[in-house]
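S.K.: Residue numbers (our numbering), protein chains in the order written: chain A, 1 to 386; chain R, 1 to 398; chain E, 1 to 307.
Note that these hints are calculated values from the structure, not bench results. Mixed in with the good hints, there may be bad ones.
[As the list claims (entries may be wrong)] EDC-like, lysine to aspartate or glutamate: derived pairs with alpha carbons at most 16 Å apart:
1. R:K102 - A:D190
2. A:K225 - A:D245
3. R:K224 - E:D141
4. R:K124 - A:D190
For reference, the chains in residue letters:
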Amino acid sequence: MFKRFFGGRSGLTNLALLAILLFAVLPLSLDIFRLNLVGKYLTYAFVALGLVVLWGKGGVLSLGQGVFFGLGGYCMAMFLKLEASDPISTKIQSTPGIPDFMDWNQLKALPAFWVPFKSLPFSLLAVVVVPSVVAFIVGLAMFKRRVGGVYFAIITQALALILSLGIDGNQGVTGGRNGITDLRTLWGWDIRAQSSQYILYFVTCFLLLATIVGLQWLLSGRMGKTLGAIRDREDRVRFSGYDVDLFKVSAFVLAAGIAGVGGALFVLQVGFISPSLVGIVPSIEMVIFAAVGGRHSLLGAVYGTLIVNTGKSLFSETFPQLWLFAMGGLFIAVVVLFPNGLAGIWDLARRQGWSKFVRAKAGTAAADAVGLASTLSANPAKEGKS
Amino acid sequence: MATALLAAGSAASLAAGPPTATVNTTGLAVTDDTVTVGQLHSATGTMAISETGSIQAEQLAIEQINEAGGILGRKIKIIVEDGASDWPTFAEKAKKLLVNDKVAAVFGCWTSASRKAVLPVFEKENGMLYYPTFYEGLEQSKNVIYTGQEATQQIIAGLDWMAKQKKAKTFYLIGSDYIWPRTSNKIARKHIENVLKGEVVGEEYYALGHTQFGSLINKIKLKKPDVIYAIVVGGSNVSFYKQLKAAGITGDKATLLTISVTEDEALGIGGENLVGFYSAMKYFQSLDNPNNKKFVEAFKKKYGDKAVIGDVTQAAYLGPWLWKLTVEKAGSFDIDKVAAASAGVEFKEAPEGYVRIHDSNHHLWSKLRIGQWSTDGQAKVLYESELIEPNPFPKGYQ
Amino acid sequence: MLAYSASELWSIFIMQGFAGLSLFSVLLLMALGLAIIFGQMGVVNLAHGEFMALGAYVVYLCSTLVQNHAPALQPYYFLVAIAIAFVAAALLGLLVEWSLIRYLYRRPLDTLLATWGLSLVLQQAFRSTFGAREVTPTLPDWLMGSFKPTESIDIPINGVFVMALTLVLTGAVWLFLYRSRAGLHMRATVQNRAMSGAIGINTGLVDRLAFSLGCGIAGVAGAAFTTIGSTGPDSGSRYIVDTFLVVVFGGTASLLGTIASAFGIAQGQSVCEFFLQGTMGKVAVLLGIVVILMIRPQGLFASKVRS
């Protein structure tokens, strides 16, 4: 049991290291502004974790995870917006008591689908359920028809475009391009206060670690083994009598639900949500986080998210011009040379011994690395299971 | 962070200002000889096209202020941050400027979405934002000075002029799909229907970045409006006007009034695609007054002969100057004192002529002008209104 | 409400039909290059849009050069510029295939990610070279304006030009694929790489040429689009989803499918936009495509090839 939750002794050590980093090192060394940023990055890490399950384990790449992140975020934001729009603080409007953007769009009453979001339990449930249901419908339709690989990626990308356009085009009920802004309190608790930012950061860290442990357990069991088998030889698994589609749909729903939680935590920490977090670019960026960290490694995905985002923030403060070159270059390099990301490098180095690894890397030319990459890529599964 | 000291060439010592302890009681980044401000625009991403002019104008104004001795004896230092056309990034950088850098004022934002994203940050951390873009109104904050026009200032007088000069009765409203065009068209519709007793024969919105307007143009041809009222922005603009021209809707045959084309956009669209169409703005580069001549000359000297100046660029230029005047009036950099002292501040050297901050709502009194475009991408000013009172929450238009 | 005469309605019908055809040729032109790269070779090139942007920038460069050095050539330069755009994009394609794509043929999802990285790099390169502002080349006068068969009908000449170009290019691609030796080699390689190699086809070379050809066509498409829109560093990203949907919707490895799908999507979008409101028209079309693809994942015209 212990082994399944924590991935053995080395797994536990790695997990403990991450916990120390998140709970002690970062809060003690960063000011609240930077810590809040880390908290924001960690919400993306939820999406990256989902991608490890779906893409790393299951071999299904979705370019539409922003959809689920966004749906979770919007569910949370709708509750917060309704709480911020009480009749007293909105008395300047022509219809007090409804969100400000509805008033600007001449709505006279709250649309029906907003009404349930007055309830916090409903909203919290919706954060997970809405993305999951959407993923279930989409996943079932596509996997039953054996849509996979590149086609699945492109169709999910189209979904991201549809949702962001749809939000833009219905600004009376969605807030449009500006999104839902100026969120203040959660059941009277001011989410903008400094103490709340600390609390929300720790809540995020806690949920993230809990998710990692839960996924570790899940992936080390039947679910993980079957998904891995499907990724490597789908036909054989199917012919062995497994319901392949069901496993894929489950992985997709799981990834979507986790992404939804990330979206809700994003809204709580950042204080708004907008379609720019739903569309094509954020969806692909979240794939980058997982790829840089290592698509097969849960912990790698968290580190990947932290590193890429920290790099983005620091770079964009210093050399905004270079940032896109760096990001694009990093991405190409990771995919071509290190398909298993940082986690892959870490594993390889540990197994070969660091000194040998460094010599091998530094001594020979890039051609060698290409050769290495192709051996690795010939059987990615081998890496993933180590 | 990119810190730039835009000081005058000489290291001449400044006239000593009042002691720091008296002008800065809230821990802002003010020393005995400098004061730090932030600049927050998109240098990268889709909005960089539009925001470049504002970035340049603000830096020019700050440089000129420093050359003239700074503010309360202190030179202005700028910390430049890039919002990267991404609203969460804007919020992040705004927070950095206010919390970490403790800047005394921020000049920045362009789109409504970026302003909406940073507004809660400015209110929470008590900062001061000078926002340059003409926008939809319906907003008023102690922490923002709006140096562009709110919607009614830009729309109503323009429509009145159209009704009077062109005897226009029917209007076709077109916009990019976000809050500014939608709110502006809402005001335009109310005014057309209730005041001008005209008719809106069509109202449509296209996603930002949309490039195919064939169907829309056919609908316009079908409805034959007296006036096409267009609020298309960004990359769509170029496609829209090129396709209008290709479909035979040109300035000599149709009347088109826009509130989203300034000299900046005209440069991208190409004057030949705009000839004869009208823009309603408070500022055109061609304005003939001594303030403007000086401004255009200084701008071109710094950024090259080919540089053009649009409405928003001029409004951005007002920001640092209004801030300087307000700080000097308040005798302090403290945000609360600056916010309170803003009411009634006048800037007589404004390139647009004369502006004054409203007594209660932090917007500017300004004139409206109608310009008609010619092939060189400049507009000929045909009409100039009186100073119009800003009214961000217009009664009867909501 | 205004009343319309029959002839007015007829004119609108004609012009609306033309708007649909014009959109059709734009979509087809965008998708042609990708139909080879993705449809035939199975390479997911997310940087395809940037190759279009490159073509557009080449036209802009030519236009600036001509204006500064040889204004007399102004009416004619455009056709030459299109040819240069083809060559430039094809050369860049060659380079990209050689340095990147060839290592990734067996990993389509990774190609997708790597080419997205490439598209970021190219976008920033455009921005650093040409600036963030959108640019438009000065077009020859004969391309602008409209053609008036009757008093109430205006047919935009740039639309006709794009349509003619699409027709020529589609014909050329068809001839190449189905009537030339190189095309035969390419189709053979697509169907069975190992066997093609065994009978002496240099499959590596075929891949390289095919990729480069697809990129070159993208360059031509980009060049043609300067007649209807502007070019900015991120213009390419605006086209990419539409382009992929056209190819996927048509069914891969089928040129006829691509043509049919471009036609269907264009007419659908143009009708939706006429009767619905702009943004939601687009949403309706995209949703329609996705739903149809869910029902019929192989696209309109599936080629009968065992994978």
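S.K.: Does each hint fit the structure? Answer for all of them.
M.R.: Here's how the hints hold up against the structure:
Taking the CA atoms of K102 of chain R and D190 of chain A, the gap is near 23 Å; set against the 16 Å cutoff, the hint is violated. Between K225 of chain A and D245 of chain A the alpha-carbon distance is near 15 Å, which keeps this suggested pair within the 16 Å criterion. In summary, the hint linking K224 of chain R to D141 of chain E is not supported, as the alpha carbons are separated by about 27 Å, beyond the 16 Å threshold. Only pairs whose Cα atoms come within 16 Å are accepted, and K124 of chain R paired with D190 of chain A is accepted, the gap being roughly 11 Å.
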